[in-house]
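Chemist: Each chain, letter by letter, is given below.
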Amino acid sequence: KNEVEQSPQNLTAQEGEFITINCSYSVGISALHWLQQHPGGGIVSLFMLSSGKKKHGRLIATINIQEKHSSLHITASHPRDSAVYICAVLGGSQGNLIFGKGTKLSVKP
Amino acid sequence: NAGVTQTPKFQVLKTGQSMTLQCAQDMNHNSMYWYRQDPGMGLRLIYYSASEGTTDKGEVPNGYNVSRLNKREFSLRLESAAPSQTSVYFCASSVGLAGNYIQYFGAGTRLSVL
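Protein sequences appear in the order of chains U and Z. Residue 86 is where the first sequence starts when you use the numbering used here, and the numbers rise one by one after that. Residue 163 is where the second sequence starts when you use the numbering used here, and the numbers rise one by one after that.
Any given hint could turn out to be false.
Derived DEER-like restraints, expressed as beta-carbon distance ranges [stated by the list, open to error]:
hint: 1; chain 1: U; residue 1: I150; chain 2: Z; residue 2: L231; range: 35 to 41 Å
hint: 2; chain 1: Z; residue 1: G178; chain 2: U; residue 2: G113; range: 40 to 46 Å
hint: 3; chain 1: U; residue 1: P164; chain 2: Z; residue 2: M203; range: 37 to 43 Å
hint: 4; chain 1: U; residue 1: H158; chain 2: Z; residue 2: T177; range: 30 to 36 Å
hint: 5; chain 1: U; residue 1: Q94; chain 2: Z; residue 2: E241; range: 33 to 39 Å
hint: 6; chain 1: U; residue 1: G101; chain 2: Z; residue 2: G178; range: 52 to 58 Å
Just some of the chain Z residues that point at chain U, by a computed CB distance under 8 Å [stated by the list, open to error]:
hint: 7; residue: G202
hint: 8; residue: M203
hint: 9; residue: L205
hint: 10; residue: L207
hint: 11; residue: Y226
hint: 12; residue: V250
hint: 13; residue: F252
hint: 14; residue: Q265
hint: 15; residue: F267
hint: 16; residue: A269
hint: 17; residue: G270
hint: 18; residue: S274
Please keep in mind that the hints were generated in silico from the structure rather than gathered at the bench. Note that the Cβ used here is the ideal one computed from N, Cα and C, for glycine as well.
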């Protein structure tokens, strides 16, 4: 049973399109994380949120605690947004992060 | 500003060989982690260190040992490598334990065990 489910697994978009990536989780959380893994493999944290919405540039993350669901939106997508986007929540018995399998985004020029 | 530095970047081992993956952070973080990433799976926690002097098992600790050498350094050791340990390994650090703090990741070590 996956505690963190992401959809879609793969997403191809045209440059300029609005992108939505979804994350559903089955455990109680204090915070949800969105991360980006570059094609070269490096991982960076994009957002950490526990309620409402956060915005950074063209990226917007929202969370609905009651529905146990979060979305990551990218406005005016660009080929440099091509990456794997990973959702993670606090859920392990050790108090550690549980990661989704990621959504692979490819933005075509 | 280096952040989290992992060495080596690539390694090929034969079954039964041993090796140590090194990780150092320069952000004065208390907590450090070792993850493995396998195709089709999310990152999985191998071991973590909540603070200097403590280490704890994560989700997949079998076949690994760790040492929190000091506040900066957290190493992962494979005593007798097995093909099932072929993976990409990431070290990460955070101010405090994972849930409420952003984690900063190293560039990863790609390990192949033949």
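Chemist: Next step is simple, just say for each hint if it's right about the structure.
Modeler: Tested hints:
A beta carbon spacing of about 39 Å between I150/U and L231/Z agrees with the range 35 to 41 Å that was offered as a hint. Restraint check, G178/Z to G113/U: a C-beta distance of roughly 43 Å satisfies the suggested window 40 to 46 Å. The given range of 37 to 43 Å is broken by P164/U and M203/Z, whose C-beta atoms sit roughly 27 Å from each other. Against the hinted window of 30 to 36 Å, the Cβ-Cβ separation of H158/U and T177/Z comes to about 46 Å, which falls outside the hint.
A beta carbon spacing of about 35 Å between Q94/U and E241/Z agrees with the range 33 to 39 Å that was offered as a hint. At about 53 Å, the CB distance of G101/U to G178/Z agrees with the hint of 52 to 58 Å. This hint holds: G202/Z has a C-beta 7 Å from the nearest C-beta of chain U, less than the 8 Å allowed. Here the hint on M203/Z is kept, as its CB sits about 6 Å from the closest CB of chain U, short of 8 Å.
The interface hint given for L205/Z is met, as the beta carbon of that residue sits about 4 Å from the closest beta carbon of chain U, less than 8 Å. Contact between L207/Z and chain U, as hinted, is supported at the beta carbon level, the nearest pair being about 5 Å apart and thus within 8 Å. With its C-beta approaching chain U no nearer than about 15 Å, Y226/Z sits outside the 8 Å limit, and its interface hint is violated. The restraint placing V250/Z at the interface with chain U holds, with a minimum CB-CB distance near 7 Å, inside the 8 Å limit.
Among the interface hints, the one on F252/Z holds; its C-beta lies about 7 Å from the nearest C-beta in chain U, closer than the 8 Å criterion. Taking 8 Å as the C-beta contact cut-off toward chain U, the hint placing Q265/Z at the interface holds, the least distance being around 6 Å. This hint holds: F267/Z has a C-beta 4 Å from the nearest C-beta of chain U, less than the 8 Å allowed. About 5 Å separates the beta-carbon of A269/Z from the nearest beta-carbon of chain U, less than 8 Å, and the hint is met.
Using the Cβ-Cβ criterion of 8 Å, the hint placing G270/Z at the interface with chain U is satisfied: the shortest such distance is roughly 5 Å. For S274/Z, the interface hint is violated, since its Cβ never comes within 8 Å of a Cβ in chain U; the closest pair sits about 15 Å apart.
Taken one by one, the earlier hints fail for this structure at numbers 3, 4, 11 and 18, listed in ascending order.
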